[in-house]
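Participant: Spelled out, the chains give:
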Amino acid sequence: MNCIITIDIGTTKVKVSAFDEATNLIGWRQGTYPTFHPQPDYSEQDPEQIYLTVLYALKSLLNDELTKKHHPVAVVFGASMHSILPIDKHGVPLRNAVIWADNRGRDEANALKNSEEGKVIYEQTGTPLHPMSPLVKIRWFRNHTPATWFEKVYKFISIKEYIIYQLTGQLVVDQSIASSTGLFNIHSLKWDSLALDYAGIKPQHLSEPVPIDFAELKFKKEYVRLFRLSSATKVIVGASDGCFATVGAGVVTEGNATITIGSSGAMRVAGKQMIQDSQQRFFNYILTEGKYISGGPTNNGGVVFEWFVQQFGASGVHLDMEHTVKQLLIEAERVPAGAGGLLFLPYLLGERAPLWNANARGAYIGVNITHERRHFIRATVEGIIYEMFSIGKLLQQYRSIENLYINGAYATLPLFAQILSDVFGKTVYVNDKHDSASAGAALLALTHLGVFSDLEAAAQTIRSVETYQANAAHHAQYTRFAEIFDRLSYKLAEDFDALVALQG
Amino acid sequence: MNLPVQPLLPLPDFAHIRELVRLKNPTVRLNDWPVSVRGGVQIVCVLEGKFEWMVEGQRHVLYPNDVVVLCPWQGFGSPTNTLEIGSLSWIILEPELFEVHRELFLGKWSTISENDQKLMGRLLVSHAPMVLNNLKQANDLLLRIEAEVKQAEFAYQTRVNQLLDELLVTIVRHLSQQQNQRRDFPHAFEQLEQMLRDSLDHPWTVEEMATVVGSGSTAFTEKVKAYSGFSPLNYLINIRIAEAMRQLRQTSKSLTDIALDTGFYSSQHFSTTFKKLTGYTPGHFRKKAP
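Protein sequences, first through last, are from chains L and F. Counting from 455, one number per residue, gives the positions in the first sequence under my numbering. Counting from 1249, one number per residue, gives the positions in the second sequence under my numbering.
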């Protein structure tokens, strides 16, 4: 039997999965790697350790008894967006990779955002002007490294390009990852000259962009041997994890949206055009030619709830996170919708969409003498979801959204899923793919192999296994809270700034 | 400075104890308590009162039974030079060997095994200065040490050294248990990882790694496997080879030096492991780049 191998290079780990031709998961392996913070605002990763981890996970999965019964016909890559790694002409990294969470380019991003040039660059590239963007990071290198160092840079590539380069010796970037660099013109599908000028580089400093189903890659013979592959195994470049997660949730056409809440979160829609938002609040990435994935990312997903669990979870007992999360959610279920009027702003990590305010901070507001710990638990969950709803309301100004398809470790917890449904007033679907990004990658490979006629047909095979219906009374109530939530989020901006100054 | 202290030393039998002091302060003293580095491994217990101190640049308010543990290069004191009303006791140990990223060797007096001392040193370097809240056990042990020294009964030297060992073990255990209680394995793992990177050439065992995150080695192995996808030793090898790859391509060091620096006992062992993980021999990997 044939199988597809997907390699998803995420922020904290790589996950390597095997799927059969009906997109059923056969087996998987994962390996983690750390993020270094050598200075505040810096987030870096060691490309060699990621590469070793990919090799280890891949080798271990392909030598697994279960997988051995299957014949790998294709390998496909997904990865986090926005990483940047300078390499010299021998392909050797000149330093660690700088990942999306890195904020060193804050000043550069702010200056660009407030300029006419920035406005044009956003319209052409679809990527918000934010420190996460490689465009801004390369500009930062230009401003903060000696010219002699900058001259040594042969190319700026992403972590995914580096891994593919190590495995194949070929330097290519898929259009999906390219479209998250802030340097790629998503209308002409070429590197954007204005953005390149701003960053201070030439097209030859970047890899050749190719469509996501580009399959002219070949593993080096050492690896064909090491992985016990055949030379006929297709190696497909793939897309970004965000685009794949949308496909893997079954959403590739207009009318529906996906909501992901893992550690961070995002709401995404698919469309034939980018969303031209005058305030540049949405990202727009390319899936395939003429197909855009647009949406808004939030910093404050499950990580905020985990913060709550660590600080205020049952004390003195040695329980793991997962168990304590479940316990707290049971307590939260005993509190009626609206948490007795206790409202939480979840901006512990500043916020991206829709505020794009790095200085935003968290707040519990409306506390009265009858509130108990469980009200705070519920308010925390609701706050995370109001934040998602505020992205959703803006998205709905541009796209109609019928149903919500959710994924991620937190969104799919029953209480989160029900509150999502109630707050949005829409039906929420959970599919049987626990890992939508990997499933999306497998669907692309299967489409390329001719199992499906196109990605739309492939996405239609994703089945929902759980459905949550919105409760109208709760929806009416949540709508009123969400209005207060939005007002406070903007109204408090001045005080957030003042508090951040004091927080130092 | 003319502090109301009760120095219990020097005593010829305890060359490894630089200071053992009880301080009882009945009035606020304005210029007697500046931030300073005393040297040695210093353990300070608050017995009575409330003190506001700067501990290595961080402001802390300390209450009875709180304990501050400092490495030889770290300092503490009052931000306003003021010594508040209350009482304290502290001990300063003079290890035979202890520098940042060097091994800790307490001295022959200690019965803690050589390996455990090294591990203790690493934990102190990565966690100190430590402010341990409400660690009454440490306080009690310090009082017992004082009593032994004062009373000088039969074999009190032995008893004092045993109590010192117990004090240090208590502090280290408390430290790793605190890790465990945070319900935050990823965070504990991150700290362990940093410690591994800081001493890649050390022959780490699973037991040592488990101590760092405050759990038994069986539970530790399971947790690491579930979280990272690797067994603890395979994860360590991964870090070693990643560092070796960097050195192979960015330095001109010999293969043997790289092997030893990254914790392999021979270049043969290094080459075999490298080949197994990457598909290349180190020499081939360096030449082809990549």
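Fair warning: there could be bad hints in the mix.
[As the list claims (entries may be wrong)] Chain L residues, not near chain F, derived (Cβ > 10 angstroms throughout):
{"id": "1", "residue": "Thr507"}
{"id": "2", "residue": "Glu676"}
{"id": "3", "residue": "Asn811"}
{"id": "4", "residue": "Gly820"}
{"id": "5", "residue": "Glu910"}
[What the hints assert, rightly or not] If you want the footprint, here are the derived chain L segments under chain F, 3+ residues with CB under 8 angstroms:
{"id": "6", "stretch": "479 to 493"}
{"id": "7", "stretch": "829 to 838"}
None of these hints come from the bench; they were simulated from the model. Please read these numbers as outputs of a predicted model, since none were measured by experiment. C-beta atoms are modelled at their ideal positions from N, C-alpha and C, and glycine is treated no differently.
Participant: Now, for every hint given, state plainly whether the structure supports it.
Facilitator: A quick look at each hint next to the structure:
1. Thr507: Answer for L:Thr507: violated, closest chain F Cβ roughly 7 angstroms.
2. Glu676: 4 angstroms, violated
3. Asn811: Since the minimum Cβ distance to chain F is about 27 angstroms, L:Asn811 lies beyond 10 angstroms and the statement holds.
4. Gly820: L:Gly820 clear of chain F: closest Cβ-Cβ about 28 angstroms, beyond 10 angstroms.
5. Glu910: Given a closest Cβ separation of 34 angstroms, the condition holds.
6. 479 to 493: holds (count 5)
7. 829 to 838: Per the Cβ count (0), the hint is violated.
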